[in-house]
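These protein sequence lines are chains A and B, in that order.
Residue 566 is where the first sequence ends in the numbering used here, and the numbering goes up by one at each step.
Residue 1387 is where the second sequence ends in the numbering used here, and the numbering goes up by one at each step.
No wet-lab data here; the hints were simulated from the structure.
Please note that the accuracy of each hint is not assured.
Unchecked claim - Some residues of chain A that are not near chain B, with every Cβ distance over 10 Å (derived):
(1) A91
(2) H167
(3) S178
(4) K314
(5) L384
(6) A558
(7) L563
Said to hold, decoys possible - List time: in silico EDC-like cross-link candidates among lysine to aspartate or glutamate, alpha-carbon distance up to 16 Å:
(8) K1043/B - D1024/B
(9) K314/A - D1181/B
(10) K1051/B - D414/A
(11) K992/B - D1181/B
Think of the CB as a built atom: it goes at the ideal place given N, C-alpha and C, for glycine as much as any other residue.
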Amino acid sequence: MSQLTDLTIAAARDGLAQGEFSARDLTESHLAAMEAARSLNAFVTETPERALEMAQASDARRTKGEARPLDGIPLAIKDLYCTEGVLTTAGSHILEGFRPPYESTVTSQLWRDGAVMLGKTNMDEFAMGSANVTSHFGPVESPWRRKGDNRTLVPGGSSGGSAAAVAARIALGATGTDTGGSIRQPASFTGIVGLKPTYGRCSRWGIVAFASSLDQAGPMTRTVRDSALMLCSMAGHDPKDSTSVDRPVPDYEAALTGDIRGLRIGIPAEYRMDGMPEEIEALWRQGEEWLTAAGAECVPISLAHTKYALAAYYIVAPAEASSNLARYDGVRYGLRLPGDSIDAMYEATRGEGFGAEVRRRVMIGTYVLSAGYYDAYYLKAQKVRSLILRDFTDAFEDVDVILAPTAPSAAFAIGEKEDDPIAMYLNDVFTVPASMAGLPGISVPAGLSGEGLPLGLQLVGRPFDEETVLRAAGVLEEAAGFDARPPALPGA
Amino acid sequence: MSMIQGATGAWEMVIGLEVHAQITSVSKLFSGASTEFGAEPNSQVSLVDAAMPGMLPVINEVCVYQAVRTGLGIKAEINLVSVFDRKNYFYPDLPAGYQISQFTRPIVGKGELEIDLADGSSRMIGITRLHLEQDAGKSLHDQDPKRSFIDLNRSGVALMEIVSEPDMRTSEEAAAYMRKLRAILRYLGTCDGNMDEGSMRCDANVSMRKPGEPMGTRCEIKNLNSLRFLQQAIEYEARRQVAILEDGGTIDQETRLFDSRKGETRTMRSKEEAHDYRYFPDPDLLPLELDPDWVAALKADLPELPDEKKARFVSEFGITVYDAGILVAEQDRADYFEAVAAGRDAKLAANWVISELFGRLNKAGLDIGDSPVSASALGELVDLIADNTISGRIAKEVFDEMVETGKGAAAIVEAKGLTQITDTGALEAVVDEIIAANPEQAEQFREGKQTVVGWFVGQAMKATQGKANPKAVNEILRKKLG
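Only chain A is shown next, with the shape it has when bound in the complex:
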């Protein structure tokens, strides 16, 4: 039944509706794919029994004529989302054995709408990473390979397990979270669509926090339409999250009109960076041409403070993380290592429980918030953040959407860049500015590198204007006609 795993969510929805197959059929074929693809290490926890129960319940609803928007659609859930009774690790040793007695708002909305949970996907520890190599549960492998090179590649990060699962046809879609690019960059690396909604569009309640002012849930799918479908269920106001915004959730699928005539597309000059591979720049120009051909108008814009975004991000995000991760102290849940005093217990637990990258960011964050350094680092970074937002606000006076590359390179091999945190951080250079401004951004697979690896283009829109972003993304997707499949697809 391998063709069932090749469906889009939209096609599976239609097939289920027309009775071509059952939710159970669909789930079973994905469970088989999950088992066949274990070598990718895309999942921390597989939940086949729960998946089958949910599929059966879905079929029962459909029989009664009570099918819901995502009924029977098998999804993978990033292990940052708390799932009731199911191990939730955030990719960290410190949450060893943690089974939350509660369900995150976003996942509970997906289940409310009938979706089926296949399992929890591997990720960079506490979503800190751009290659999915910092997970306590080992790196995730991308199903992609360079032409003529069998070295294992990273799927990007931090939502690397979700990206690999969707690209490898293990799940029809997956949830990710994006703090500085953790949905968009892995989507770009694995040739799928990744949407980071506007900050406040989806509830953060029940999602393990990394950097609270940046974290945002979003869908990872193989098509723009599928992202629109998932977002309809994931978005919405949640009184339990004070930063979620109370405004109606539009029908995002209806926004995909395919018509972008007259749309103004901004091309930010500052994203043309030194040392950017020529093929990335060429793809960007190609994107411009596709959109222009579809009737949009591409205009140069300036986002003057772009070059400070990454530096400011690596102050703000670690600062918030250092505080958010203080609760993992061995006192109430997760890992606890004994010590002769409370401080010794803390040190042993946190030293053992957190990996090197998490420890690095906790230390950076602690440092930048310290007395005497706060003004020079944290406060200044917040000012830069305001300037970045102003750049975007000014630009959106003139344009409707901004087009840029998603990442400065294609996927790299596991092991590459690992000894150089700065090189790793540079992966986020094109995604971080929209994160800092809280704007919606989407990565659409647009072509292949010379080595045969997927490359994504990114569209960024006005706050809460996911509809325009999706509409333009749909056109871009159509024009690019990306149909390459990962060569290392297990069982293929």
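Start from chain A and add chain B according to the hints.
Relative to the frame of chain A, chain B by itself:
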């Protein structure tokens, strides 16, 4: 005594207080868990209070309402925009590893409070700010020889931290400040002021200086939970600092604890050991914005507060400032007095409420709510005095019986035949008898020795078992002997 006399002269205390007042609300500052006192450990803990992964705080509007009303009650500026910050430190009873507080932008700014001193004078004490913050849980170190236990029932309970200016100069003033603040909070119903249960406690900042000189280095004494301990701790600390200063030493800025058993303060942590709290705005919470119309409505809706009530009692009832101060210290006492005084001689009412009723309640350790004599019952007694049915002396007897038996004043007077003898004929006979039996004293009276009047009245009272109307006896005496 406002100064401490040292070998080198007089020293002046400079005292500022940080009061932590638990907000009266059903649920916590950022969660729906109950705040009720005395529940089983860890039975009132929400997922937010336990800082479970992915949990987020949501502001409890009741707590905001109470903080704003408190700010208005201390005549303070209300900040229409305030910000919640995280105060970061590790401790097992602080589950998130940070306390949500307000650092740079508190909800309430500068205000003031008038304190009443024993000599009848009053002083204005500045208030720097009031901010909202979460309480921590409780560490229990005495349950097991090797382990500590944590009770998170208090974790997340809403506190108002009310910070004074360093305006107090004696421990008595500090206690008076606490008393007045407590009264205002209780009038407003924003804090029950119950120091025994920890719903009101304070930290005292104490430094010493020679009068007129700049302020010295201060020490902060943490967690004082009674007025007695507050005064003892300040007195001890002031003398400790003077001793060091007069020895030529310097005061180390530090945090100290008061040992109530030994009556002394000792070092908790030095400045070097002070935490770096790494305050920063809590990204889980938006800035708190208040609608000015809402604030104005709360202001218009404030109850009459102790100072205003005191002024009204003085002007409306003609009682002394001192008596008024005693009556308004607790709202239910003031209400009781007003009920007794309504339509009656207010001074007489005040006297009976303060001297007789409060005296007996204090002795029995009762609150006014538990008074065995209701306001209307006491009013009935006051009426009997006012219309000369009974004398003040008899009234005390009657009151004792009212307290004991709960019977009404009139019923007691009736049953015991205590009605005052005002009948002139009957009293004249009694007086004649006394004059006849005591010619010597009668002669002294005629010679103008006024003090024997009292002796004669006393004899008349004795002869009538206290039922004679002293005023009538007086008049008859003067007529007969004058």
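### Whether L563/A stays farther than 10 Å from all C-beta atoms of chain B, as the label says
L563/A clear of chain B: closest Cβ-Cβ about 33 Å, beyond 10 Å.
### Message
So K314/A supposedly isn't at the interface. Is its beta-carbon more than 10 Å from every beta-carbon in chain B?
### Response
violated (6 Å)
### Query
Is the Cβ of A91/A more than 10 Å away from each Cβ in chain B?
holds (34 Å)
#### Entry: Status of A558/A, Cβ more than 10 Å from any chain B Cβ
Consistent with the label, A558/A stays out of reach of chain B, its closest Cβ about 36 Å off (over 10 Å).
### Message
Can you confirm whether the C-alpha distance between K992/B and D1181/B stays at or below 16 Å?
### Response
This hinted pair holds, its Cα atoms lying about 9 Å apart.
### Query
Within a Cα-Cα threshold of 16 Å, do K1051/B and D414/A meet the stated pairing?
holds (10 Å)
### Message
Confirm or reject: S178/A is not an interface residue toward chain B, with every Cβ-Cβ distance exceeding 10 Å.
### Response
Violated, since 6 Å does not exceed 10 Å.
### Message
For a C-alpha distance cap of 16 Å, please report whether K314/A and D1181/B respect it.
### Response
violated (30 Å)
### Non-interface claim for L384/A, where every Cβ of chain B lies beyond 10 Å
The claim stands: L384/A keeps its Cβ more than 10 Å from every Cβ of chain B (closest is about 19 Å).
### Query
Once the closest CB in chain B is found, is it more than 10 Å from H167/A?
Given that every Cβ of chain B is farther than 10 Å from that of H167/A, nearest at about 14 Å, it holds.
### Task
Please work out if K1043/B and D1024/B have their alpha carbons no farther apart than 16 Å.
violated (41 Å)
Checked against the numbered hints above, the structure breaks hints 3, 4, 8 and 9 and satisfies the rest.
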